[in-house]
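Engineer: Residues per chain, in single letters:
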Amino acid sequence: MECVFGLVGNGFAIVAADTSAVHSILVHKSNEDKIMVLDSHKLVAASGESGDRVQFTEYIQKNVALYQFRNGIPLTTAAAANFTRGELATALRKNPYFVNILLAGYDKETGPSLYYIDYIATLHKVDKGAFGYGSYFCLSLMDRHYHSGMTVDEAIALVDKCIMEIRSRLVVAPPNFVIKIVDKDGAREYAWRESVKDTAVPAA
Amino acid sequence: MSIFEYNGSALVAMVGKNCFAIASDRRLGVQLQTIATDFQRISKIHDRLFLGLSGLATDAQTLYQKLVFRHKLYQLREERDMKPETFASLVSALLYEKRFGPFFCQPVIAGLGDDDKPFICTMDSIGAKELAKDFVVAGTASESLYGACESMFKENMEPEELFETVSQALLSSVDRDCLSGWGGHVYVVTPTEVKERILKGRMD
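Sequences listed follow chains A and Y, in order.
Using my numbering, you'd call the opening residue of the first sequence number 115 and step up by one each time.
Using my numbering, you'd call the opening residue of the second sequence number 1371 and step up by one each time.
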């Protein structure tokens, strides 16, 4: 089951997602990147039905880019979150997207922020959030260890604690995770946490 | 589980002497899981009119955006704020438009009329208005709220006493409901000022 979680620290926001692409009992691949870089200072960590996930996040990414081209300035994180919610809400009663999203961003004026957007378009600004079966472990761990203004090292230690807990306590635990960070210097990949590596394919 | 109980909510509005109070709980949940403890259910439409929306959070957010849009248009055309009775009729009409595919919300409307006379009303998810002279309730804790308000309510309470009454009624009712709680948010509105207070209750 897909696990996505994230938290806000001192001047940054971090999101982590598992990296298995699963179809019923088969694991297609274990290095699927579910955290999309929306623009220079935004990350979208999405979980849910894989087709909807890719289609919807790419749609949001292209529309956010279009806004920047048309208006010359990028959207704020709050605006991007509200746009995403609006698209999910409009589609909800016609052709719903089964995608849960954690949108992390950094704005110069307001600093880092994290938005919880559920598949039925419930939007809420949070300090820590999680989706999936992993959330039952992560949210409690984060409630215990999180405090506002954490440093990157403290936040990564907490993320690692959550990953360890998911690996040891979830019956169909995803083995690999990707961690991405967004701060004043932009959105970028921070690390992978792999316990199962794909074997290298020999060249023809 | 009913769709109205998906997120969990508790709302109450009470009439005092030339004033009213509107209060809500602060929990945002997804069935058994608590996502946030600072969710805003009550919004200001204008200085003398407040709207609380219980039920499904995504529909509450969509409905709030539609109502603010309609009220802003009204303000532009009429060059004045909407009366509470008029606003209640607007909400009722908007809800009935979706009679066969409704918004899963129960609104609570509270405002001060032209002569500073307090007005409260609630309606069901398809817009059946329920005007009351004393108090109105909505949400998953509504049955407990009916009992608590009926026993604690007195006519013509001053703002301070009204605040105490509404707070006690809210906190004691949400303590019997697992889907609502995690504190309270109370607005006491008189012709001259709006007092917003956060209550700390049982944080479970």
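Be a bit skeptical, because a hint or two may be false.
Here are the computed lysine-lysine pairs in the DSBU-like style, where the Cα-Cα straight-line distance is at most 35 Å [what the hints assert, rightly or not]:
#: 1; chain 1: A; residue 1: Lys239; chain 2: Y; residue 2: Lys1436
#: 2; chain 1: Y; residue 1: Lys1503; chain 2: Y; residue 2: Lys1387
#: 3; chain 1: A; residue 1: Lys176; chain 2: Y; residue 2: Lys1387
#: 4; chain 1: Y; residue 1: Lys1499; chain 2: A; residue 2: Lys208
#: 5; chain 1: A; residue 1: Lys311; chain 2: A; residue 2: Lys298
#: 6; chain 1: A; residue 1: Lys239; chain 2: Y; residue 2: Lys1524
#: 7; chain 1: A; residue 1: Lys176; chain 2: Y; residue 2: Lys1468
#: 8; chain 1: A; residue 1: Lys222; chain 2: A; residue 2: Lys239
#: 9; chain 1: Y; residue 1: Lys1453; chain 2: Y; residue 2: Lys1436
#: 10; chain 1: A; residue 1: Lys239; chain 2: Y; residue 2: Lys1442
#: 11; chain 1: A; residue 1: Lys208; chain 2: Y; residue 2: Lys1503
Have a look at the derived ranges for each label pair, beta carbon to beta carbon [claimed, not checked]:
#: 12; chain 1: Y; residue 1: Pro1472; chain 2: A; residue 2: Val141; range: 39 to 47 Å
#: 13; chain 1: A; residue 1: Ser309; chain 2: Y; residue 2: Gly1517; range: 52 to 60 Å
#: 14; chain 1: Y; residue 1: Thr1456; chain 2: A; residue 2: His142; range: 52 to 60 Å
#: 15; chain 1: Y; residue 1: Lys1503; chain 2: A; residue 2: Glu172; range: 30 to 38 Å
#: 16; chain 1: A; residue 1: Glu223; chain 2: Y; residue 2: Met1371; range: 38 to 46 Å
#: 17; chain 1: A; residue 1: His142; chain 2: Y; residue 2: Glu1448; range: 21 to 29 Å
#: 18; chain 1: Y; residue 1: Leu1402; chain 2: A; residue 2: Pro210; range: 17 to 25 Å
#: 19; chain 1: A; residue 1: Pro210; chain 2: Y; residue 2: Glu1455; range: 31 to 39 Å
#: 20; chain 1: A; residue 1: Gln182; chain 2: Y; residue 2: Leu1402; range: 39 to 47 Å
#: 21; chain 1: A; residue 1: Leu140; chain 2: Y; residue 2: Leu1443; range: 33 to 41 Å
#: 22; chain 1: Y; residue 1: Lys1565; chain 2: A; residue 2: Lys311; range: 40 to 48 Å
#: 23; chain 1: Y; residue 1: Gln1435; chain 2: A; residue 2: Val315; range: 49 to 57 Å
#: 24; chain 1: A; residue 1: Asn124; chain 2: Y; residue 2: Thr1562; range: 20 to 28 Å
#: 25; chain 1: A; residue 1: Lys208; chain 2: Y; residue 2: Asp1417; range: 35 to 43 Å
Since the hints were made in silico from the structure, they are not lab data.
Glycine included, each C-beta is placed from N, C-alpha and C at the ideal position.
Engineer: Now tell me if each hint is right for this structure.
Structural biologist: The hints, checked one at a time:
{"no.": "1", "hint": "A/Lys239 x Y/Lys1436", "in the structure": "holds (20 Å)"}
{"no.": "2", "hint": "Y/Lys1503 x Y/Lys1387", "in the structure": "holds (12 Å)"}
{"no.": "3", "hint": "A/Lys176 x Y/Lys1387", "in the structure": "violated (55 Å)"}
{"no.": "4", "hint": "Y/Lys1499 x A/Lys208", "in the structure": "holds (28 Å)"}
{"no.": "5", "hint": "A/Lys311 x A/Lys298", "in the structure": "holds (32 Å)"}
{"no.": "6", "hint": "A/Lys239 x Y/Lys1524", "in the structure": "violated (38 Å)"}
{"no.": "7", "hint": "A/Lys176 x Y/Lys1468", "in the structure": "holds (32 Å)"}
{"no.": "8", "hint": "A/Lys222 x A/Lys239", "in the structure": "holds (17 Å)"}
{"no.": "9", "hint": "Y/Lys1453 x Y/Lys1436", "in the structure": "holds (17 Å)"}
{"no.": "10", "hint": "A/Lys239 x Y/Lys1442", "in the structure": "holds (25 Å)"}
{"no.": "11", "hint": "A/Lys208 x Y/Lys1503", "in the structure": "violated (40 Å)"}
{"no.": "12", "hint": "Y/Pro1472 x A/Val141: 39 to 47 Å", "in the structure": "holds (41 Å)"}
{"no.": "13", "hint": "A/Ser309 x Y/Gly1517: 52 to 60 Å", "in the structure": "holds (54 Å)"}
{"no.": "14", "hint": "Y/Thr1456 x A/His142: 52 to 60 Å", "in the structure": "holds (57 Å)"}
{"no.": "15", "hint": "Y/Lys1503 x A/Glu172: 30 to 38 Å", "in the structure": "violated (55 Å)"}
{"no.": "16", "hint": "A/Glu223 x Y/Met1371: 38 to 46 Å", "in the structure": "holds (41 Å)"}
{"no.": "17", "hint": "A/His142 x Y/Glu1448: 21 to 29 Å", "in the structure": "violated (59 Å)"}
{"no.": "18", "hint": "Y/Leu1402 x A/Pro210: 17 to 25 Å", "in the structure": "holds (22 Å)"}
{"no.": "19", "hint": "A/Pro210 x Y/Glu1455: 31 to 39 Å", "in the structure": "holds (36 Å)"}
{"no.": "20", "hint": "A/Gln182 x Y/Leu1402: 39 to 47 Å", "in the structure": "holds (40 Å)"}
{"no.": "21", "hint": "A/Leu140 x Y/Leu1443: 33 to 41 Å", "in the structure": "violated (53 Å)"}
{"no.": "22", "hint": "Y/Lys1565 x A/Lys311: 40 to 48 Å", "in the structure": "violated (60 Å)"}
{"no.": "23", "hint": "Y/Gln1435 x A/Val315: 49 to 57 Å", "in the structure": "holds (50 Å)"}
{"no.": "24", "hint": "A/Asn124 x Y/Thr1562: 20 to 28 Å", "in the structure": "violated (41 Å)"}
{"no.": "25", "hint": "A/Lys208 x Y/Asp1417: 35 to 43 Å", "in the structure": "holds (37 Å)"}
When each numbered hint is compared with the structure, violations occur for hints 3, 6, 11, 15, 17, 21, 22 and 24.
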